[in-house]
Amino acid sequence: MSIGIRSKLKLISLLPILLLLGFASYFLYQSATSYTNVQSFDQKVQYSAVVNDLATQLAKERGMTAIYIASHGKRVKESLHAQRGLVDKKIAAFMHYLSSHPDIQTKKIVRMLLGIINQKRQKIDSLELSFDKAFFNYYTVLIKSLLDEIDSATSTTLSNELTNEAKLYTTFARAKEASGIERGFMAYILTRYTKMSDDELKKWIHYIGQADTYEYSFVGDMELKRKIQTILESEDAKEVFDELSNARIEILHSINDGYYTIDPTLWFNLNTEKISILGNAQNVVYTSMRAKTAQTLQEQMYIAVASAALWIIALILAIIGMIVSREITQNIKNLETILRNVAESTNQKMEINLDTPEGTAKAYALLQAIIDETRKEQQRAEEASEAKSLFLANMSHEIRTPLNGIVGFTELLKNTELKGEQKEFVSIIEKSSENLLEIINNILDLSKIESNKVEIENIVFNPIEEFESAVEIYAVKAAEKHVNLACFIDPRLSQPIKGDPTKIKEILINLMSNAVKFTNQGGAINVEVRKVHASDPEKCAISFSVEDTGIGISPDKKAHIFEAFSQADTSVTRKFGGTGLGLTISARYAELMGGRLELESELGKGTKFYFTLEFEELPQMNEDLHDRFANVNLAFFTKAGTTKKQDDYIKEYLDYFGAHFIPFTSPEDLVKLATEKKAQAALIDADYASDNDLRKMGKTPLHCNVIIKSTQQKRIEALRLHCEKIVYEPVNVTKMVSILKAATSEVVKEAHRPLLDIDHIGFKARALVAEDNTINQKLIKRTLEDLGLSVELADNGLEAFEKRRNEDFDIIFMDISMPVMDGVEATHEILDYEEDENVPHIPIVALTANALKGDRERFLAEGLDEYTTKPLIREEIIAILKKFLGDKMYTKGEAAAKPAQKAAASASKAKVPSAEAGTSTEEPVISFDTEVAVAETKPEEKRPDKILVLKKSPLEGKIFTNLLRELGYKVDLALSPKELGDKLDEETAIVFIDKEAEDVSLEALRQEIESDAPQAALVLMTDPATEVSDEERKLCDEVIINLVNRDLIRLIVEKFMKKEG
Amino acid sequence: MKRALPILLILPLLLFGSTFSDAMRAYKSGNYKDAKALFEEAYEEDGAEQAQFFLGLMYLKGLGVERNLPKAKQLLNKVVEMGNARAKCYLAEVYLNQKRPDRQAALKLLKEGSKAGAGECVEIAAAHKLPL
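Going line by line, the protein sequences match chains A and B. Per our numbering: the first sequence = residues 1 to 1061. Per our numbering: the second sequence = residues 1 to 132.
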């Protein structure tokens, strides 16, 4: 039979304790027994003392009785009487002792003999009893029985020593008794004074032997031995013993004639003396015994107490052990119950019994099964989550594709000739589909936030540039609604910072979208981005705020404003549209970036949303323009009674740049300022000035800049102003800087150009479009054809690849998800073909409905050159075309294509800012090309400003060239080292050369530069993996890593331009 | 004190013992004059009662002293009372030898003495022709 685990546990926990308890109990019992034994022995010793006392006194009485009988009652009558009284007292004490110690069993004979003592005494008194009968037959028998009592009482086995001492005690008692008998008997003989009979002599000899037997050498206790020796061998005792033996000899001498020479009284006293000495010795033994028993008692007491303590401890431990084992058992039971429940809940019919090894193994198996199950469930949950993500992506794709059609064709439809009502319907369709698109995007964003899929990027960006572009997006809408949009972006933010510009812009766009939505005509929206004091000196804190004069939010709605789907009022949703998710998303984004979106609002007066974020600021890279324009005096037209927040912002900008702000109120004042040369430039807000005034002021001989809303463009165009710059509201840092820069140049009134806009841009190029969806095909085709491109269609990737092989195109638009061969594969094929055949690369632009994070990076990594989402946005397409086909661009309606594509593109952006942030990085100012202006104003100082580029592939060269052009530099691309050599002239400032470019000899190039363009700097671009030798380094002015980084390039270019200048 | 007590008791005992013994030795050697003085000394100073027995005996027999039966009778009577059986025999002799002999009392004493083992009684009874 096997013992259960629980029983084993109990056994293990309790066995030692029980053993301990057993031992303790045994010791306790032992010590208790010993104690009682010793105690009873002690009692018996005491009893013996009482008996001994009685025997001693009885012996005395016997002796006296002997004399009494011998003298026929004539002598010692009084002494005997007194002695009898003493004996009676002793008997009473003995009896009392017996009655108080009922456990002591006395021999019957003792009681019997004591009972008849008075009877005997009477007979003695009346001399009826002979000496022999009284002396031997009564008294001696009685005393002997008492001595036997002592003997039996003190016989013990407690310890050797005690046994010996007890033996000694009785030895002394017996010696005393024998001496007593000798004393009495011989006193009788000596008194009688006759010859002793033979019997009497025999008796006497017999008692002499007994009376002198008191051996004590066997006693172990040296102290006791010494004491006894002191008593028995003292001078006095020795004398008594000697005297006694002399007396005996004397008696023996006179035994024949009976004339004893010893007097009976003398004899009696001598023997009494001897008995007393023996009694003393006996007392010493008694004291020693008592002391020993007392000590043993104490020892036993200690042992008993110790064992009792041990026993109690063992008992307590046993109880604790029981409780603990019960608790453990209970725990195991609970565990069993839980496991049983678990087993039931997992529908596994199994009996859990943790008391057996099999049961435990089963329980472990069950737990393992549950863990596995949980893991599987987790996996399933992860799979489900993945499926959800996939579903969302697919939904996004599936919904966007038809929506594409709606949005795209609605736009096309809008541009056809429509009757009045139809136009309205189309615009409603357009709005609705735009709303739907926005809602889908918002829901997607929110779901991404909710599933923690959103990652906050940490990239370097230029704050002024990025934030300006965000604000620019709503410039048109605000203008259309006749809402004053003012923007202040702190000019101190000239250094790049690290953060997530996309998210911040999204927040700003959301807030502005709300502001525009809820602000009525004539209202104002002020966007402020200011550098504030940061808690960490290493960092840079920026506060963002968007303030409007809209309908406001009631205090009770404020609390829920950032919760999902909780627009201030459901009626609001109906009136203004939108999902109300924008604020939720913005608040979450702000939170993710370590900020907190807050608001101040008053019902009917407006709302201010604001938040502050901290960024890491990078070391100085851009030129700070602080106080750079101290020589500029800017006249600003003001109108009494009307003020816009923008005026204050302009003043603040001018203060920062060090320019002087001179307000004036009439065109006459301006003329005066101009003639007195008190101002170099004027800034006029079209909202303040009438057409007449504008016309007058435009003719004033200074740099005249007009601020207009984009909706006022027609009005200004109609005026045909002699204006240098038309600045679109809102004025921002970049626009201000450009105004100020222009103000330092000469006024050229005649150089007035017609305005360019997006409708007039065209590209003379061939495009290949790979797209499976016919609706999209048509849409893209139409859009591109509108831009002047000739379009070739391909239904899938394979077809696209075939067409690319057989024909030549300027650009390819590649849908990503296509049957037969998808966009990425097709791109790979085309790239391989181009490499194999060594034909120039045709830029490939990805088209996708998957607007998910990371797509762009992924597609660019796959070898695609650009990326755009469907539905196609015209502005974005133009930007892309301009990027790759800048040289093929022309302006419609102009006889000759002027080199003003850039300005045109910028203008187009300013007019219709794209919803896609990040594309409007260029100056949204219509102006003369800066370089042209510079060239025209300072022709005598022809500084070298040309940049020559030689890259390893034409495409890279194109991209790099475009980048430099975007940065505002004059660039020329060389396709071979030879061409590069030809192009070198005194205007060349910098030569960028790729280390991997074919047939390049740095030494030869260096020589050429020395001879043809000694002022030019040579910059070598290398891959990070390539080693650059010291010699190569010596030949070059600078070695940089071949990465297209705008800031780096600008830094390099500025460095050498400045050096040269 | 406790040690002193037995010494005080023992000292006279030893003195007495030697006086009585010396007297006995003088008596047995026939030096009755010294014996009488020693017995008297033993009785008077040491309280040795048996000394009276010998003094009585010496007065009865006229040993070292003039025969004096009344004195002998007085002394022996004392010793008889003390329990000396032998003295009874000699007291009986005093009764038999006095001026008015008391044979009845003598016979009783002789009987008692012989019963206690005193051989002298038998001798005296035989000398005086008394049946025991």
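If you're looking for bench data, these hints aren't it; they were derived computationally from the structure. Every value quoted in this text rests on a predicted model; they were computed, and no experiment measured them. Honestly, I wouldn't trust all of these hints.
[Unchecked claim] Covered stretches of chain A (chain B as the covering partner; in silico rule of three or more C-beta atoms under 8 Å from a C-beta of chain B):
(1) 147–158
(2) 799–808
[Claimed, not checked] Below, a list of computed lysine-lysine pairs in the DSS-like style, where the Cα atoms sit at most 30 Å apart:
(3) Lys71/B to Lys123/A
(4) Lys120/A to Lys108/B
(5) Lys60/A to Lys78/B
(6) Lys133/A to Lys203/A
(7) Lys74/A to Lys115/B
(8) Lys111/B to Lys203/A
(9) Lys60/A to Lys423/A
(10) Lys605/A to Lys531/A
(11) Lys498/A to Lys608/A
[Claimed, not checked] So these bits of chain B aren't anywhere near chain A, every CB distance computed over 10 Å:
(12) Asp46
(13) Gly119
(14) His128
Virtual Cβ for every residue (Gly too), placed ideally from N, Cα, C.
* **In rising order, the numbers of the hints this structure does not comply with** => Violated hints (numbers, rising): 1, 2, 3, 9, 12 and 13; every other hint is consistent with the structure.
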